[in-house]
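> Below are the chains, spelled out letter by letter.
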Amino acid sequence: MPNIQLLNPQSHAGLRLRTTEEAASHFVQIVVTEFAAAAACCPILFSKEPATGAFYAGAIFGFKAGENLLGTAEERGGFKPLTLQREGFFLSDRHIAIDRDHARFSEHEGELLFDESAEPGTTLRGIQRVLGDLHSGLEQTKTFIAALANLKLIEPIDISLRFDDGERLTLQGLYTVSLDGLRDLDDASALGLFRAGHLQLAYTMTASLKQIGRLAHIRNRQGRKSSDQK
Amino acid sequence: MNKNAIRLLAFATVLAIFTFHDGARAQPGGAEAKPAAADSRYFAVQVVDDATGRGVPLVELKTTNSVAFYTDSNGVVALDEPGFMNRKVFFHVASHGYEYPADGFGQRGVALDVAPGKRETIKIKRLNIAERLYRVTGEGTYRDSLLAGGFPVPIREPLLNAQVTGQDSIQAAIYHGRIYWMWGDTNRLRYPLGHFWMSGATSDLPGRGGLDPAKGVDLKYFADDEGFARGMFEPVHRQLKWADAMMVLPDDKGVERMLAMCTRLEKLDVVLDRTLEVYNDKAERFEPIRTINEKDEPLYPRNHPLRVTVDGVEYFYFCDPLPGIRVRADWKSVQDPKAYEGYTCLRQGARFKGWTTGAADDYYYHPLMLPQSFGQINLVPHWIAREDGRSFCDAVCPQGRLCDDGLAPKTIATAEFEAVANYSYHLDAAKFAPFLQAHCCDKLGVRHVLADVRKVNVADNGDIRSLDTPQAGEIEGDLFVDCTGFKALLIGETLGVPFKDCSDVLFCDRALAVQVPYASDAVPIACQTISTAQSSGWIWDIGLPTRRGVGHVYSSRHISDDDAERELRAYIGGAGKDLPVRKLPIRSGYRETFWKRNCVAVGLAAGFLEPLEASAIVLVELSAKLVAEQMPACREVMDLIAARFNATTHYRWGRIIDFLKLHYVLTKREDSAFWKDNVLPETIPDRLKDLLLLWSHQSPWFHDEFDRVEEVFPAASYQYVLYGMGFRTQLEPSALAGDAKNAERAMRENVTQTERLRAALPRHRDLIRKIVEHGMQAV
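Chains as they are written, first to last, in the numbering used here: chain U, 1 to 230; chain L, 1001 to 1779.
Watch out, some of these pointers could steer you wrong.
Computed cross-link-like contacts, EDC-like style, restricted to lysine to aspartate or glutamate with a CA-CA straight-line distance of at most 16 Å [as the list claims (entries may be wrong)]:
id: 1; chain 1: U; residue 1: 152; chain 2: L; residue 2: 1311
id: 2; chain 1: U; residue 1: 152; chain 2: L; residue 2: 1562
id: 3; chain 1: U; residue 1: 48; chain 2: L; residue 2: 1418
id: 4; chain 1: L; residue 1: 1443; chain 2: L; residue 2: 1468
id: 5; chain 1: L; residue 1: 1770; chain 2: U; residue 2: 186
Hints listed in this document are in silico derivations from the structure and should not be mistaken for laboratory results.
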């Protein structure tokens, strides 16, 4: 159970943010403003929220739950999804809330969230920016997904992988943009997508599928290394 | 407590949720109290919520001799009962949703020293999530506060407002900056009957001259010359008229209007008409703009509308009690019954109860999923060899367990029209027909002429030449599809093709249908048709979003209509005592020729069978498809195509009759003539007799003789019914040879899959609720 509290300089005067390892996740939700950076290192696909069935966009870091083949943000060429940057912080209406029990928070270690004059410090200002970007990014992503769904451009994709060590994996519940659908668009719809900036995002997603092969290659190499060590 | 009081309670609950979000915490009722006059003759008790200190209305204080007092909107009881004065009096304290602690004897109450001018406070614990704040209408809402003195009274008419003693069935809408309140029935002091054509009131909005909802609602009634709350329509004396589904939206000129759905009744359950009405601001009442013909327009606004935006489109959803109907929230759509959309439930097959022995635990499933690995292996002999007590259905497919658990066949993340476990839909025929009509006309280029056929003109060669209609004149055609229903105007009346009656095989010839409401919106919705055997027929029970459809299909040669109705009402139980029952005739049989000359019959014109396995629609679809695919290029080849069509369609009717009869011939029941007659050899078709002989030595499987394309019931269906009803095939050792390992694997896979699906699938009602809320994704 997270311990959610509204962030304020009175109760959280001595609270600090420490550097922790990011949670190991194989599928990280991202927003459209992150697509270009994400596509440079990993595949971008849609999945569905189990509670509502609504689509959301995510970056694939690994092929199994908890598997991260891409290492740290530095090893990913600096790409750190907003949802990982804001870990422990939430937006509640127009206020920031925190999960006080999250490992990022400490009384002793790290940067103070509030300075002596009870104003947000540099670290907290950074978090405010992240939450703001995430908030507007999620809205834009929703619009993008609605535009694609409207034109029936979202299609399921089955990814079957076979690795050198004989392991077979099938990824289900993933969706991408239909290239056939894009090709068959009438001119008005294509122009509409282009003007809204959605066409570029759509092609970024389809191009990022090439990263699946690269990730599989990394996984094979890691598997060889660990079996060499045995 | 009377009905009005209970409705008011429900309404106060709504208000409490309001204030919760409002953030303004309710002020404890006594906090603003002034001290009582010392010379008051009343003894006053205030019952307060122990968490908030606020007075709790409608708490019963009852003495040991059953003299009861009820708290007013401040939680106050003021009493001057002379026999109680200056004595210790014990009061039982009780109120729905609240609890007073019990003493060692289990008595929930308190002994108070009753004396004039004295004041006591009792704390009561709230069990409800919502707080009960105050009574909104009725007589004496602040009676006791006024008698005792010193309690705050926030409204102008705290004793009797517009002579209203009680009201029920509240509707409210915000219109032109004020809240409009409407009630179904209104009682008055002068006579036991008040009026039954909706009374109304307005109140100012909080923050715009109105009270903080935590404090109260100051109602201004629409009153008649005598000052009594008047009806909100043109007077409809000696009838009932109620309005609900109050919707506020701009009209085509952008002016805010208020609509309501109105029902005029002669008495309860006898509806005279339904009208959509608009509020006239000058006359201050509703006036009709459109009549709704319920038979052809089953989807119309009802109960409480809920405004929701889905993918940028604004809708009204109508809760009854689930939001199962919606319409776009624009002036044109709300007035067009065709624009209303309804949600359906899903169906994972049928559960047959009491067909084999009639015992309490006698049931089996005919699911819609095939047995595991059905294309590769026939599991029947392996299931028989195991004899592990597991039913055939549970051994080979997960669906029976899913139905037992009340689970849906898919999740909210499954694409629309796709299944995790196979399912079918319940279609609203009155809604589906216009949908198909629009599809044919708008998308397929069909020209639709709506006209009455007065005369059918026959050419010299015996073909149908044309139809005479008063509306569209003479309509000529090369090919006529007879869809005239039971009348069979073309194939029967004109071309003289006789009807082949098959009531000698299938005895049921009548049906009684009834609509049963759910007791609450928490009752599970069955995800399968439940078919329960009776003494002389069977009862269907179908779960729909807002009600159950229940009906008794029976043989009038074995039971009287009255007894059949008695069995139906006994099945429904107490709640169904007064529900109206509709009687329908069933004429089981079909045309001896379906396609004669240039006329082909589809649907009821072709025939009808009892609805045991819901085969009617699939037959219509298969026939229509056959006509479309084999459409004759010219008259010369039409008779050849007709011969093919007749052969295929005869085969299908024969197989359906065999399959329906199968449910009856396997019974072991001997408790009535109906079941005994059903197993008489002369009532069983020869082909079915042969098959039963064959199946006693080898089980049916997909390659048997079910090799026709598009068999209505595949061999799997025969397996489920045969082995569900205790039929046993004698095992030949060769039937098991070589396949044991594969069978073992398939049945193991079934156990794994069953557990996986049971853990992953939501309850049927929960899924329907989510679909209403979020919609389904196209992929």
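> Run every hint past the structure and note whether it holds.
Here's how the hints hold up against the structure:
1. Restraint check: the Cα-Cα separation between residue 152(U) and residue 1311(L) comes to about 14 Å, which is no more than 16 Å; the hinted pair holds.
2. As the CA atoms of residue 152(U) and residue 1562(L) are separated by approximately 55 Å, the hinted pair breaks the 16 Å bound.
3. In summary, the hint linking residue 48(U) to residue 1418(L) is supported, as the alpha carbons are separated by about 15 Å, within the 16 Å threshold.
4. Between residue 1443(L) and residue 1468(L) the CA atoms are separated by roughly 28 Å; this puts the pair beyond 16 Å, and the hint is violated.
5. A threshold of 16 Å between alpha carbons decides the hint, and for residue 1770(L) with residue 186(U) the separation of about 34 Å lies outside it, so the pair is violated.
Hints 2, 4 and 5 from the earlier list are contradicted by this structure; the remaining hints agree with it.
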